[in-house]
Amino acid sequence: MSDGGADGAGGERPERDGFRDEPSGPTGVVVAGGRSTRFGEGEKALADLGGVPMIRRIADRLAAVVGALVVNCRAEQVPGFRAALAGVGVPLGFAPDPVPDRGPVAGVHAGLGAVESERAFVTGCDTPFVSPALVTHLSERCAGRAAAVPRTTDGGLQPLCAVYRVDPARAAFGNALASGERSLHGALTELDYRVVDPEEIDEYAAPGSFTNVNTRADLAAATARFE
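Start counting at 1 in the sequence shown, then tack on 6, and there's your number in my numbering.
Read the hints as simulated data drawn from the structure, not as lab findings.
Just so it is clear, the structure is predicted and the values come from calculations on it, not from any experiment.
Among the hints, a few may not be true.
As the list claims (entries may be wrong) - Okay, the calculated beta carbon distance ranges per label pair: (1) G48 <-> A81: 15 to 23 Å; (2) T43 <-> V105: 16 to 24 Å; (3) R231 <-> E209: 17 to 25 Å; (4) P85 <-> G186: 28 to 36 Å; (5) P85 <-> P204: 33 to 41 Å; (6) E233 <-> T195: 38 to 46 Å; (7) P213 <-> V105: 37 to 45 Å.
Where is the CB? At the ideal position from N, CA and C, for every residue including glycine.
Starting from the given sequences, assemble the full structure and let the hints guide the process.
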């Protein structure tokens, strides 16, 4: 594993939408541009989760520990997300996909392109139980490395619940995108990242913090946790 090389596809940063960087924590990047085919009809990120849109649940949790938020999405999603995130409490920006439907590697690359802080916490739009304390810990564990990536009890890495140093990570994801790599794990191979093991994670995150809402059944189970 090594730090990414020259910047990948698309060297310019996306135009910011009312975004300014804050020094009070990493920037939170929410990747929300996927079609969510397993979820069925409707916008998954805007699904009602105990009376609150799911993306707002995520943003409210992150707002306690990040200096700003950036949402990566398709251009047509911006108005709905802007409405759902109104008044979130930290500076908010959008990084629309230059070319839609190119997968999560492209989404992360676009999202990081709208970040001006040194580090960013990257997550998906379907992680309503993300742990603010874990975000802070991962940011600390990223010191001296290009990323801090959790490993769950099944041995899997969680690149969509990780903190990245923005410059090397954007280069690595850009290189992956340019080479046709569509796997987030494949993009990680260019980065000198620190693995954060489950025993360490348990000190900062409650069970279920990595829960993803992929289907309507997942949504029903997640909603029950707010009742």
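Kindly confirm whether 17 to 25 Å is satisfied by the beta carbon distance between R231 and E209.
With a Cβ separation near 21 Å, R231 and E209 satisfy 17 to 25 Å, so the hint holds.
Would you say the C-beta atoms of G48 and A81 sit inside 15 to 23 Å of each other?
holds (19 Å)
Using the beta carbons of P85 and P204, state whether their distance is inside 33 to 41 Å or not.
Since the Cβ atoms of P85 and P204 sit about 39 Å apart, the hinted range of 33 to 41 Å holds.
Is the hinted range of 28 to 36 Å satisfied by the C-beta distance from P85 to G186?
Between P85 and G186, where Cβ atoms are some 32 Å apart, the hint holds.
At the C-beta level, are P213 and V105 separated by a distance inside 37 to 45 Å?
holds (38 Å)
Range first: 16 to 24 Å. Now tell me if the beta carbons of T43 and V105 are that far apart.
holds (19 Å)
Assuming the hint says 38 to 46 Å, is it satisfied by the Cβ distance from E233 to T195 or not?
holds (42 Å)
Checked against the numbered hints given earlier, the structure satisfies every one of them.
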